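There are 2 protein chains.
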Amino acid sequence: MKLLCIDRAAGSYYDEVEKALPKHAIVTEEKKMTLQEAREKLLALQAKQSAYRHALGLMSYDGATAAPKKTAANRGRSMSVLSEEIYRLSTGEETVSLLDYLDANQEELNEKERRMVFLMLESIRDMQAIPMAEYIAYNKLRVESDDVWHTAKAANDFARFEPYLEKMFETKKRFAAYCAPDADPYDYWLDKYEKGLTREKCDAFFSALRTHIVPLLQKIAASPQPSSALIKGNFDEARQEALARYLMPLIGLDTEHVGLSTTEHPFTTSLGSHFDTRITTHYYPEDVSFSMYSVIHEGGHALYETGADDSLAYTVLDGGVCMSIHESQSRFYENIIGRSLPFIRLIYPKLKELWPEVFEGHAPEEMWKAVNKAEASLIRTKADEFTYCLHVMVRYELEKRIFAGELCAHDLPAAWNALYKEYLGIDVPDDTHGVLQDSHWAGGLIGYFPAYALGSAYGAQFLARMQESVDVSDCIEKGDFGPINEWNRAHIWRFGRLYPPAELLERVLKEPFNPAYFIRYLEEKAARIYQW
Amino acid sequence: MKLLCIDRAAGSYYDEVEKALPKHAIVTEEKKMTLQEAREKLLALQAKQSAYRHALGLMSYDGATAAPKKTAANRGRSMSVLSEEIYRLSTGEETVSLLDYLDANQEELNEKERRMVFLMLESIRDMQAIPMAEYIAYNKLRVESDDVWHTAKAANDFARFEPYLEKMFETKKRFAAYCAPDADPYDYWLDKYEKGLTREKCDAFFSALRTHIVPLLQKIAASPQPSSALIKGNFDEARQEALARYLMPLIGLDTEHVGLSTTEHPFTTSLGSHFDTRITTHYYPEDVSFSMYSVIHEGGHALYETGADDSLAYTVLDGGVCMSIHESQSRFYENIIGRSLPFIRLIYPKLKELWPEVFEGHAPEEMWKAVNKAEASLIRTKADEFTYCLHVMVRYELEKRIFAGELCAHDLPAAWNALYKEYLGIDVPDDTHGVLQDSHWAGGLIGYFPAYALGSAYGAQFLARMQESVDVSDCIEKGDFGPINEWNRAHIWRFGRLYPPAELLERVLKEPFNPAYFIRYLEEKAARIYQW
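If you read the protein sequences in the order shown, they are chains A and B. Residue numbering for the first sequence follows our numbering, beginning at 22 and increasing consecutively. Residue numbering for the second sequence follows our numbering, beginning at 22 and increasing consecutively.
The set of hints was computed from the structure by calculation and includes no laboratory data. Only a predicted model underlies this, so the values are computations on that prediction, with no experimental measurement involved. One thing to keep in mind: the hints can contain errors.
Identical copies carry no separate label here, and so any pair may be met within one copy or between two of them.
[What the hints assert, rightly or not] Derived SDA-like pairs (lysine to any residue); straight-line CA-CA distance at most 25 Å:
no. : residue 1 : residue 2
1   : K403      : P450
2   : K531      : L64
3   : K253      : Q67
4   : K371      : D451
5   : K403      : S118
6   : K91       : L333
7   : K90       : Y267
8   : K90       : D331
9   : K499      : E187
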């Protein structure tokens with residue numbers, strides 16, 4: 022999961038903020054502000070915002086890593102104060118005047134400045150469209166709903182969570198109507214996580230995937246299964262951490278700017294700017310691959326973040342452009358690189374060095390098959406590369422039906438279980454392992470899931486472009502990540518949020534996005550693993 | 022070391038702040054502000070300040086714990102922005118008007134409110150007395166000087182540090198003249214770390230100590246020495262951490278509100294309020310006692326912080342009143358409790374459980390003697406209870422001479438070495454183990470050292486009062502810290518900063534402060550250890 026991007030899109034930096042400002046800030050009588058002054062003010066404003074985001078991001082990070090158990094309320098108070106401060110700063114009269122002035126003088130601005138003004142005005146307009154009282158109620162709901170979700174999940178008690186979820190969906194529909202009264206409300210939320218994404222595009226994408234993945238999985242199920250015994254056992258935390266610290270620089274992370282901590286759920290966050298990025302992992306003794314691939318996945322996010330051009334630091338252009346492009350990078354490093362045979366060959370000596378009692382006498386090929394075993398399973402975050410998108414499709418389908426008024430929260434468990442049966446062919450034993458598994462809906466992240474599948478597909482098409490100039494397999498096997506990372510930096514990372522996702526994709530791909538690349542990638546990989 | 026208190030006293034929350042406001046804020050035409058409104062505003066203002074301090078404190082804490090190596094500049098930018106924001110908030114026109122209004126209506130306020138207004142006005146007046154450009158230069162100097170000190174210490178190169186130190190002393194003299202033109206400049210700085218402390222009081226105190234400690238140490242040196250072999254060896258970090266996590270609740274820390282991390286130098290800090298307090302330690306494999314006593318020492322600071330009455334949270338009255346009282350608590354738990362025989366008896370089974378290969382077959386008395394061995398040594402932070410105050414006296418003596426104009430920075434190494442020879446009878450081999458050992462002067466903490474020795478002496482006199490109603494030894498041996506902690510809470514902790522230190526001491530001691538208690542405590546303890 023990528024925290025920073027979520028926050029930006031959902032505006033969670035502004036959680037618990039009282040919208041104490043007039044809905045439409047009054048533009049003061051234009052003072053004699055020169056363009057040069059306005060440009061400088063634009064940068065100073067963003068630097069200030071970055072500092073507040075640094076503080077808020079660090080408080081969240083601290084809450085997930087080092088903070089004692091019962092300090093959430095104390096932290097919540099401080100976050101609420103600082104959120105209100107950044108809200109006032111970002112939407113205040115002075116800021117709106119400045120941005121309007123710059124917007125009216127667009128032709129005098131450079132490309133970066135134009136984009137900054139656009140993004141900042143866009144976020145202000147959204148915030149202003151929602152009545153203050155409802156915005157406060159929504160933020161309260163998110164906190165409560167997340168809290169109830171934790172309890173409900175642990176107790177397998179969907180009924181407890183249901184009213185909150187119902188209210189969350191209602192709120193999201195209403196907000197969409199405020200912010201984009203002419204748009205389809207579900208499209209409005211899809212667009213939040215990837216500018217320009219629509220239900221129509223998602224439908225086409227998922228339908229193409231389903232057409233090919235379902236028969237592919239049937240063929241896999243009919244084949245002899247590799248064993249995953251090699252990666253299961255009792256792997257001590259100290260050596261798992263040593264493996265994590267070996268992998269980080271190996272894939273090109275600059276550990277003087279990227280930190281590693283442990284949390285319940287792995288994530289990536291940048292603090293203040295891309296000069297300080299943190300990834301987290303979780304060590305499960307019973308499965309060495311969980312932390313290993315968490316580190317590589319979050320490492321992909323961190324490579325993207327830290328790869329932004331240094332000139333973008335302390336501006337809204339720093340970091341990654343949207344969730345799906347972010348996932349394209351994390352899943353590229355996790356799956357396309359990390360689960361490839363050359364990569365397993367590359368790191369196998371290290372695995373043997375760390376756990377000779379486990380890995381001596383086994384071949385890298387055995388490990389490679391173990392980490393690529395395809396299997397219909399219950400939990401999205403533990404799903405393999407082949408079945409993963411089906412998990413995403415279940416969630417997308419349900420969100421669509423809810424926005425279409427065909428389902429309400431009450432119907433979700435049954436609908437969830439039916440779709441898991443239909444798409445993955447498995448029975449869901451309880452809601453803890455079913456509809457209650459993800460935190461997204463509780464936190465208000467609706468329209469977010471497609472990004473995971475799209476990111477995977479973008480990554481496969483990026484690979485095809487990259488291979489025109491880089492011998493990717495050869496680089497991986499040699500442990501020479503320079504050419505791979507330089508390609509990603511040159512084509513994707515360095516731009517930060519400068520280009521909208523559609524424009525970025527066009528620049529990188531030089532042809533329209535086409536899920537066929539991803540499908541072919543999966544089919545070829547399955548053929549190698551299952552030796553068809 | 023106790024960070025929070027340092028920050029408050031030295032105003033380091035305001036580091037790198039541009040003093041962009043008029044020196045004397047203009048009080049606006051008095052609006053019809055009711056007293057009730059003003060009281061509410063007073064609390065709201067402090068809650069806001071707490072949130073900013075939370076952010077700044079957490080950034081420092083993060084820098085010392087989890088942050089990647091090369092992120093200091095990035096963090097510095099954010100801290101600089103937030104420091105400027107809290108500076109504007111704390112010294113702005115609106116705040117000054119509010120405080121002046123409340124100050125003029127003192128008789129209508131309750132005791133806590135009066136004290137809040139007093140403390141807040143006091144800190145504003147100090148900040149306003151210093152010309153803006155000089156304040157900025159000072160904060161720049163602190164950052165540079167600390168940086169150069171690190172390098173100079175590592176390289177044993179005092180000459181490199183000397184010009185910064187000279188400038189630091191000059192600045193401190195000048196600032197004292199701005200803020201308190203009629204006071205003795207060294208008294209001004211002593212007063213910063215304990216309100217009302219003067220050179221005269223320190224002289225009397227240190228002279229009493231020296232008169233008794235020097236002959237005591239001579240007697241100790243002439244006695245057969247206990248062995249410290251039991252606590253030296255190769256103690257793995259995992260078990261040292263287990264010991265730390267056993268000790269924290271044992272002495273009464275609420276680990277749901279007090280966290281533990283590792284840092285280069287141990288410290289304690291509270292974030293936002295006393296509801297979230299962090300202590301840190303450092304595990305040295307070669308000496309099990311270092312982390313053990315760091316945890317108990319910092320635990321004493323944390324007990325004091327978290328023991329403040331909950332109604333003081335999010336106000337300037339939260340936390341501890343000053344450095345010396347803070348050290349009285351940390352050194353009380355570390356030495357009076359932690360280095361007592363009943364305490365060693367209490368924890369010995371745990372030590373045997375953790376390291377049977379070391380502690381089985383030895384008696385608690387052997388451990389007790391090992392952790393109390395008196396020995397003239399070079400490094401203050403590693404000094405035993407008997408010689409510790411002599412280390413402090415060296416620093417006090419040098420600061421006094423510098424403020425008297427008898428010494429300049431250039432003379433310090435020679436003067437330092439001469440005093441170590443005179444007070445402790447040892448030769449200093451190099452400046453790394455001499456005048457460069459402490460970070461305080463580099464960071465602008467001048468007049469701070471006496472608090473360490475005063476705190477030790479206060480603790481011994483507190484013990485005498487406590488023993489009138491609590492059987493301290495018996496409580497310790499039973500592991501029943503309730504009565505001890507309740508006494509400290511009732512007499513010291515719960516008041517936070519409500520009473521100035523002199524008044525607090527008077528209330529607790531019911532007689533004047535008298536170093537004879539501390540001297541007698543040391544003499545009796547030495548007699549038991551050395552079996553005179």
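These are the hints, each one checked on the structure:
1. K403 <-> P450: within (17 Å within a copy, 59 Å between copies)
2. K531 <-> L64: neither (33 Å within a copy, 59 Å between copies)
3. K253 <-> Q67: neither (47 Å within a copy, 53 Å between copies)
4. K371 <-> D451: Result: close neither inside a copy nor across copies, 40 Å intra and 43 Å inter.
5. K403 <-> S118: neither (48 Å within a copy, 59 Å between copies)
6. K91 <-> L333: This pair counts as between: shortest inter-copy Cα distance 18 Å, intra-copy 37 Å.
7. K90 <-> Y267: Between copies only: 17 Å across, 31 Å inside.
8. K90 <-> D331: Result: close only across copies, 18 Å inter versus 37 Å intra.
9. K499 <-> E187: The answer is neither: 52 Å in one copy and 55 Å across copies each exceed 25 Å.
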